[in-house]
Amino acid sequence: MKLSLSTMAAAAGLVMISRPCLSFAPKCHRAATATTAAAGRSLVGHVRQVGAPSTFTTRLFVEGATSAPAATIPAGTTNGETDPTPKKVITRRILSGVQPTGSLHLGNYLGAIKQWVEFQNTGKFFPGARDENEVDGDNNNTIINENFFCVVDLHAITVPQDPSQLEESTLASAALYIASGIDPTKSKIFVQSHVSAHAELAWLLNCVTPMNWLERMIQYKDKAKKAAKVAAEASDDGSASSSNNSGVGVGLFTYPVLMAADILLYQADRVPVGEDQRQHLELARDIVRRFNSEYCRGNQYKNRCKKAGVPSRPVFTEPEAMIVSAPSGGEDEDGIGGVARVMSLTEGTSKMSKSDPSDYSRINILDPPDVIRDKIKKCKTDSYTTGIEWNNPDRPEATNLLNIYAAVQPHRTKEDILTEVTGMKWGTFKPLLAEAIVNHLEPIQTKYAAVRADETYLRSVLKEGADAAEAIAQTTLKAAKVAMGFSVPK
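Positions -23 to -1, 1 to 467 (mature numbering (1 follows the signal peptide of the UniProt record, and there is no 0)) are the ones given, in order, by the sequence shown.
Please note that the accuracy of each hint is not assured.
As the list claims (entries may be wrong) - Simulated pairs of lysine to any residue, SDA-like, Cα-Cα distance not exceeding 20 Å: (1) LYS91 x PRO370; (2) LYS328 x PRO373; (3) LYS391 x GLN422; (4) LYS402 x LYS455; (5) LYS352 x LYS283; (6) LYS163 x GLN97; (7) LYS198 x LEU260; (8) LYS200 x GLU324; (9) LYS402 x PRO373; (10) LYS354 x GLU374; (11) LYS283 x GLU297; (12) LYS354 x HIS388; (13) LYS91 x LYS455; (14) LYS455 x GLY286.
To be clear, the hints were calculated from the coordinates, so they are not data collected in a lab.
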């Protein structure tokens, strides 16, 4: 599964996709009152108002309210004297998601889901994506964090999926979110296709995006080759050829536009993404400029907005990329961790991926202990006799396995681990690594079994999340429709 927002932003990253954060996050008005509006594969930004003034409250999340009066928190007092500066309510939103294809693996968990849990519980996101101008430390602000985690099934079907398995994969992914630490009382979990605005806005943006912009997308070219090869292998009549795109759906070509819609629906202005998603972020910026320039100007636009009751400012916020560089076994201010870039067990220079034909290239979160031990036993290493090293560019497998060892033992320091493994041979290290992974995943697997067994509960969580996301997304979608001249319900 993945964007991301990888991903969303896919990660969506994402694509799944910061001050709100997509794997996506949104823009805050730095005014005495707080307003919100409503983004993929992993992104952080500030919330910007796009419809009627609203603030996110428990009432909004639980009851699905779409707007509420904005509030300024009264000034505080110091030594009996009133602080003249009122506190501002600043909303930070994170929206991120992973595709429900195959099985979630250790790379999805360490590189995305674990980071979501960190943001949910502490309000801190990946160190590499942190905005140093963030307002966290400003005593004049009150921070409200809003977390939306999405199963991006619309992204998944850009390549063929087995209809008999897609629903189960979707529910399994949602259950794994919860089992991994996403708390439905603190965060909203929903399925992308359950919020119709994602597909609807993607179509509107498709109609304003030139084809040659999409033809430049490097990831499309790579994915198209893989998809064409799969289609050729699965073709009974030989109608699909691996040498052309006859077996590639249009959805794969327009995938970046859907990712842009994921981001823009929630008004992300800062988007932490991996280097491989930079080009998709630039496309989203181009789309914003084109849309705002073409539809959000002049008296006719102002009149349409006034008639529909929406603000007559540009509809979309232009997102900025915050490139997240994963530490190579290094440590950040909080110790080893950050965004763990987990590589393949069979090739240390390639990312761990669900699309790799070899299941031995990855550790799936639900792999039984004996399977994990066998995969680690057979994983690729090297023939160096100098012991295990971290960050030697000639030893990518060693760095990857040490990164995993550190990531599943977050309480340990780099120095502690290096002291333990220095001079150690692979035959000694591999069993230690396997047991560390087994011990880390065991409570997740146990909780997953309980959550997945209670489908009524799981579906209720997804409905509540979809209702909350829909309320935000429809505000942006309405503004976009008004700008383009559609007739919208009163």
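- Task: Given the hint that LYS354 pairs with HIS388, test it: the Cα-Cα distance must not exceed 20 Å.
- Result: Judged against 20 Å, a Cα distance of about 25 Å means the pair is violated.
- Message: With the threshold set at 20 Å, check whether the alpha-carbon distance from LYS354 to GLU374 stays at or below it.
- Response: holds (13 Å)
- Within 20 Å, alpha carbon to alpha carbon, are LYS91 and LYS455? This hinted pair is violated, its Cα atoms lying about 34 Å apart.
- Item | Restraint check for LYS198 with LEU260, where alpha carbons must lie at most 20 Å apart | holds (15 Å)
- Holds or violated: are the alpha carbons of LYS283 and GLU297 at most 20 Å from each other? Violated: LYS283 and GLU297 sit about 29 Å apart, past 20 Å.
- Within 20 Å, alpha carbon to alpha carbon, are LYS455 and GLY286? holds (10 Å)
- Item | Restraint status (C-alpha distance of LYS391 to GLN422 at most 20 Å) | violated (27 Å)
- Has the given pair, LYS200 with GLU324, been kept, meaning a C-alpha gap of at most 20 Å? holds (19 Å)
- Taking only the CA atoms, is the gap from LYS352 to LYS283 under or equal to 20 Å? violated (62 Å)
- Query: Holds or violated: LYS328 with PRO373, Cα cutoff 20 Å?
  - Reply: holds (11 Å)
- Would the pair LYS91 and PRO370 pass a check requiring their Cα atoms to be no farther apart than 20 Å? Judged against 20 Å, a Cα distance of about 26 Å means the pair is violated.
- Is the straight-line distance between the alpha-carbon of LYS402 and that of PRO373 20 Å or less? holds (16 Å)
Violated hints for the displayed structure, listed by number in ascending order: 1, 3, 4, 5, 11, 12 and 13.
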